[in-house]
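Okay, here's what each chain looks like letter by letter:
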Amino acid sequence: MATARVEVNPSLRTVHRLTGAFIGVALVALAIANVPGILQGYDRAGVDLYPYARPVIQSYYQGLTIHGVMNVLVWTIFFLSGFFLFVTVYALDRPLASTRLGWVAFWIMLAGLILALVAMLTDAASVLYTFYPPLKASPLFYIGLTLIVVGTWFVGANIWMTWRRWRRDHPGQHTPLAVFGTLATFALWTIASVGLAIEMLVLVIPWSLGLTTDIDPLLARTLFWFTGHPIVYFWLLPAYVSWYTMVPRLAGGRLFSEPMARVAFLLFVLYSIPVGLHHQFSDPGLGGGIKLVHTFMTFAVFFPSLLTYFNISASIETGARWRGGTGWISWVRHVPWGNPALTGQIMGMFLFVPGGIGGLTNASYNVNQAVHNTTWVVGHFHLTVGGAVTLTFMATTYWLIPYLTGRALWGRRLAVAQPILFFVGMTIWSETMHRLGLAYMPRRTYITQAPYVPEEWRDPMILLGIGATGMIIGGLLYFFIIIMTLVVSREPAQVEVPLPRPGVESKHEHVPALLDRWRPWLIGSLVLIAIAYGPVFYQLLTHVSTVPGQSGLW
Amino acid sequence: MINRKTLLELGWILPSIAIPVGMLVAVIVSAFGMNIGVPSQAGTIQPAAIDTTPPFDQPGVLRQVGPNQYEVALIGQVWSFNPRELRVPAGAEVHFVATSRDVIHGLHIEGTNVNVMLIPGRITRQRAVFREPGQYRFVCHEYCGIGHHTMYGTVIVEER
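Going down the list, the protein sequences come from chains H and G. For the first sequence, the numbering used here gives the first residue as 1, with consecutive numbering after it. For the second sequence, the numbering used here gives the first residue as 1001, with consecutive numbering after it.
For the record, the hints were derived by calculation from the structure and aren't laboratory data. All values derive from a computational prediction rather than experimental measurement. Accuracy of the hints is not assured; some may be wrong.
Far from chain H, some chain G residues (derived; all Cβ distances over 10 Å) [as the list claims (entries may be wrong)]: (1) P1055; (2) N1082; (3) R1131; (4) I1156.
If we take Cβ atoms under 8 Å as the criterion, some of the chain H residues that face chain G in the derived model are [said to hold, decoys possible]: (5) Y132; (6) D283; (7) P284; (8) G285; (9) F296; (10) H372; (11) P442; (12) P451; (13) Y538; (14) T542; (15) S545; (16) Q550.
Glycine included, each C-beta is placed from N, C-alpha and C at the ideal position.
Start from the sequences and build out the full structure, keeping to the hints where you can.
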């Protein structure tokens, strides 16, 4: 990390502003998202702070809507858009196919964000991030979210065109792994987002505008989850791109197995979409047999994460051994823990282990009934999107923001402590949320005002407060470090992009031809989707049941 | 070809396949061998027709449908269950038939597999056996508006 900032190619600097804009919005969204997060954290601990928030946040459910939408739709998607654009340009060592298209995407997404935010802040869309009809929000909310999705298509198209041009100029070379992972992510997302697009454009937006009066809630819900599960891979795979291509370098080693990494990305293309019904095991109107098919597919999509766990652990160990580590366990001391860009990502990986295992429980067909819509589920996805993904993105900004701004990271030691604090808070909080879920505590509920809270929840709720406090301190510390870096830091940044130098291919390993092709895998994905969703949509479209919309319920 | 690295990879990959396969077998055995199912297709109903359509015209009334088997209708609406309290005999198999009058609600009866969604326009069926007499709380676990957290009820399981 001691090398000076390397200007690879001056024309690449145009992407720096674009990436900076996306990540700037992402960070503002993260900050907005977690103000109500604090209120929710203490509500679950039995402390009602909402009366004090009333001028801004009218209700628990308005806050919860802002928390969900701004975290899982805005923070993640804006960050990954900036990150992937940067990775593509850097790793291919060529400018974006169209810088203008990049900015068009940004402004579309920002406009969408502003529309949705206006709707949420005026309490006109307190329908949570799943916005299940027939709860009916302001059309601004749905149009805004749709624009964000449309923007991601432009980002993906830009990356795809950039890669096509690179390939035309570099016949016979295989795609660098970072770009390969980026393309895999956008491939699965483009297919997956069709569900949400149809839900919005055909069902929800016309209905919210008053052009139609009735809506089929189950059909809307099924289209939502068609996109709603794969969207988690849209957020997770940028973290995997970082783990596969940057973490080995940050750890002082190299990737253990590149073919295995490519297999993992391709398996996500194959299996990440035909799994959405595992969010709907408890729904009426869908067949029991087809739900079991989705259980099977979800177990299949767990496999590439197991591959990742092995491959990344082995890569970090390789790095530590190259740095002088020995023994079965004691090599761990030679991991460069002092580098915040690495430590945060490893903390995220630790959280991902129980996150993934809990996910298997959720996907296990009838076992899901023990946990469905309880706080267990909330505990689960805070480990994944709130833990693995968020800590990896935060750690990424610890090198990326200095690289983009030329200002050295302020408070390096604090930046090592920050993810550890967050990790400890999240561990306590999430474990307790899982446990309370098994004791039937419902999710999405203003618990301080619920009349049915039993005595046995009270003690664990104190732990929730302690865990939430750890997460809040870890979160505030993060923003403090970033603000100080942007405002106070005067030292020039001495960072490199933790990716292989462009043009320097990894020559260690032979990559089989099938692992550098897309068509067979995309066809496989479509076939699996047809198997898993064909009977579902046939059934739904032959048994439509529409009901009137309901507004004014909050 | 089989070097140390390949062996290491295989040593990880094979259990990574075996464990999910084992879990899948366990799920299938419990679902079909032990009859622990999830909700399935059970028909549609218009919310406006709930009050005139059996069994929803008599919510909370236990009807015997077989030896030691009962059926009972339950309606979710903003922001209460109809009925809020229902009585069932201990040890009996109780089939819950439920729907929603307005928006999506949830129904989770503690200590049972009745953890289901109530979707307007659709009928949800799930069965439960309450072995121990006592009070079982049930709550709405899907956001349904500003009063969502006040939506709950009690199953009273009576000794026979």
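Tested hints:
1. Chain H leaves G:P1055 outside its interface by the beta-carbon criterion, the shortest separation being 15 Å against a cut-off of 10 Å.
2. The non-interface label for G:N1082 is consistent with chain H: the shortest C-beta to C-beta separation is roughly 17 Å, beyond 10 Å.
3. Chain H leaves G:R1131 outside its interface by the beta-carbon criterion, the shortest separation being 17 Å against a cut-off of 10 Å.
4. No beta-carbon of chain H comes within 10 Å of the beta-carbon of G:I1156; the shortest separation is about 15 Å.
5. A least Cβ separation of about 5 Å between H:Y132 and chain G falls short of the 8 Å threshold, and the interface hint therefore holds.
6. For H:D283, the shortest C-beta to C-beta distance to chain G is roughly 5 Å, which falls under 8 Å, so the interface hint holds.
7. A distance limit of 8 Å between C-beta atoms decides the matter here; for H:P284 the minimum to chain G is near 4 Å, and the interface restraint holds.
8. Hint on H:G285 holds. Least Cβ distance to chain G is approximately 4 Å, under the 8 Å limit.
9. The interface hint given for H:F296 is met, as the beta carbon of that residue sits about 6 Å from the closest beta carbon of chain G, less than 8 Å.
10. Because the closest C-beta pair between H:H372 and chain G is about 5 Å apart, less than 8 Å, the hint holds.
11. The restraint placing H:P442 at the interface with chain G holds, with a minimum CB-CB distance near 4 Å, inside the 8 Å limit.
12. Interface restraint check: H:P451 against chain G, minimum CB-CB distance 6 Å, threshold 8 Å, status holds.
13. Nearest Cβ of chain G to the Cβ of H:Y538: about 12 Å, over the 8 Å cut. The hint is violated.
14. For H:T542, the interface hint is violated, the least distance from its beta-carbon to any beta-carbon of chain G being 11 Å, above 8 Å.
15. The closest approach between the C-beta of H:S545 and any C-beta of chain G is roughly 3 Å, which is under the 8 Å cut-off, so the hint is satisfied.
16. For H:Q550, the suggested interface contact is upheld, since its CB lies about 5 Å from the closest CB of chain G, less than 8 Å.
Consistency with the previously given hints fails for numbers 13, 14, ordered from lowest to highest.
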